[in-house]
Amino acid sequence: MSFSSVALALALAVAVGSFAVQRLRLVAFRAPAPLAPARGSAAAGVLYAFTKAFAPGAKESASRHLPSYVAGIVYHLSIFAALARLLATLLPVPMPPAVDAAAAVLFAAGLACGLALLVKRLSDGKLRALSVPEDLLANVLVDVMVAAALAVSLEPDLVPLFQTSGVLLLLYAPLGKLRHMLFLLTSRRYSGAYFGRRGVRPAPRGLGSHRG
Amino acid sequence: MGFAQRLAASEVTVADSTGALEPGAVDRAIELLRNGVDERTAAFLNSCVRCGLCADTCHVFLADGQVESTPAHKVERVARLFRRYRTLLGRVAPGLVGAQSVDEEVLQALSAAAFGRCTLCGRCALNCSVGLDPAAIVRFARTLLVAAGLVPGGITRNIEAARATGNTMSLTARDVCETITWLEEDLRTTVGDPTVSMPVDRQGARVLYALNPRELKFFPLSISAAALIFHAAGEDWTLSSTDFDITNYGYFAADADAGRDIALRVIARAEELGVEELVVAECGHGYRTLRWEAPEWLGRRLPFAVRSVVEVMADYLAAGRLQLDPTKNADPVTLHDPCNLVRNGGVIEEQRVLLRHAVSTFTEMTPNRENNYCCGGGGGMLAASEHTAKRIEAGRVKAEQIRATGAKVVASPCHNCIDQLMELNRHYKLGLEVRTLAEIVADALVLPTRHEA
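In order, the protein sequences belong to chains A and B.
Residue numbers for the first sequence follow our numbering, so the first one is 2 and each next one is one higher.
Residue numbers for the second sequence follow our numbering, so the first one is 52 and each next one is one higher.
Pulled out of the complex, with its shape left as it was, chain A reads as follows (with noise of 0.2 Å):
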């Protein structure tokens, strides 16, 4: 095993740890089950919050700003695709070649979001008002990332430098904003159950009438 592959396998252990007990520590602090009677389905509302929710038409934040959303999700696609193929370079498999070669389409088509996405950060003013310095660092993260995965995808070689990206990020992931990643989950739960319980997403047909 390479070194960089060794320090990716560490880097990983490190960042599923450090998630991990951070996501034990919020478990004691969480609400007990609510005492109101229902209007609708908490579990109607979750599956919305990670379904049909994310359809460009169902939140405005998507729909008005349609390119940034895309870019967005387009990003983050790559994203995942990339932290695949990262893992994948852990394994004794070689990947094949029409598999690399889809996944360069995804990592090109991501980065130039991404890159797209920083753009817009720091050109728009009030973008600009909202951010702070780890918006770039975490994003120029991510961005390495992805094109070394371009470049592994293209040039196999290229898998020790591919690695160390992924050890940079994976180290700096449970620090900052990249955390996201995780907590998005909790926060897409919690929304989703709220909107269910209270009959309001997804949509009621009809009358809701409940008499508790």
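Note that these hints are calculated values from the structure, not bench results.
Note that the structure is a prediction, hence the values are computed from the model and not measured.
All C-beta atoms, glycine included, are put in the ideal place defined by N, C-alpha and C.
Hints may contain errors.
Residues from chain A shown here face chain B by an in silico Cβ test under 10 Å; the list is partial [unchecked claim]:
#: 1; residue: Ala50
#: 2; residue: Glu135
#: 3; residue: Arg199
Given chain A, work out where chain B should sit, using these hints.
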């Protein structure tokens, strides 16, 4: 200019009349940040990526165009404090992640933002692309401000009045009984039916109809309208001369102790009267607190159902207990959706069914239902006089929505919204009549003759 400097500069433009801090306020706020953040709030605070796509979901931002009014900026104010006390990078590299320590200036600015730039309407939560709830973060900010003693005086005074007297207007049981007696006589004369009654403190009634005290003081006709509807539907109901107040400024302050104490008075009164159902008058946050929040505050299920009078009227209509003639309300009507009743309460279609049967022309606003805009008067803004200018400015979005419908009447099942809509009506010269649902339904009632009854 760095983020912290930009924030400091922006704070200069924010109204700040919350006064000096109490001793220990900063320490209490820090303690809450260290040990009082629940899982849901922590997840939300760790999820915001500052994409800013939420900006134009907020009526305050749409009206003033200031970045400080975007939901993301309001979340970021709290998240910076959270990062300082709850994350490694926030402690060792605060400049990198924009972490900020709590001090008096920070808390004052947070108060101006949390009470002056947000009505807790939750429209941003419904539309956040990530799926977090900025309104819940602002509620947490308000909880911090309760700990720091930085709640606007108007909200605090209403809490004190409700705790001391049982209602925010400090009305006595005698005041209530005198008003109801007068309303009952007036109602009998108006409808020509001496059998119409407005029972008070009747033990064992099926329904306790609980009021917003502003109805007794300023809008008694909405009580008369509800009485007429209960009469027409043959309901077994009662009012209460004490502990009838459904409003809850503890909720607006995000002060769970005050919220619980205030809600408990109405709940205890309903238990004392032995009713099957607590029917909440047209008050969005009153419905939300009693229907959704009170069981959580009290840590127990309530022994009776809690419903809005809007749901009850819709049920009467569906059951054939009300006969309505829409030609009696000939002017075109539009409907404002109170955030706490609709987006945060789930009562979405009932008011529409009622209006379709009670008025000749009903036109929806765009957008409507759970995506409707806040009127600008929610979240305690009406009681926070230091934020009046911002409240009226933020109401411009609602005024434009109403104007676009061409309606002559705007209906709203919430007295808080009605106060704001009446002010918007004057300020933006809309030339409207602002009415409750019950008033419109009561006007459309086809009452059986005494012989038929």
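Verification of the supplied hints:
1. Ala50: holds (6 Å)
2. Glu135: Holds: closest Cβ of chain B sits about 5 Å from Glu135 (chain A), inside 10 Å.
3. Arg199: Status holds, d = 4 Å.
In this structure, every one of the numbered hints holds.
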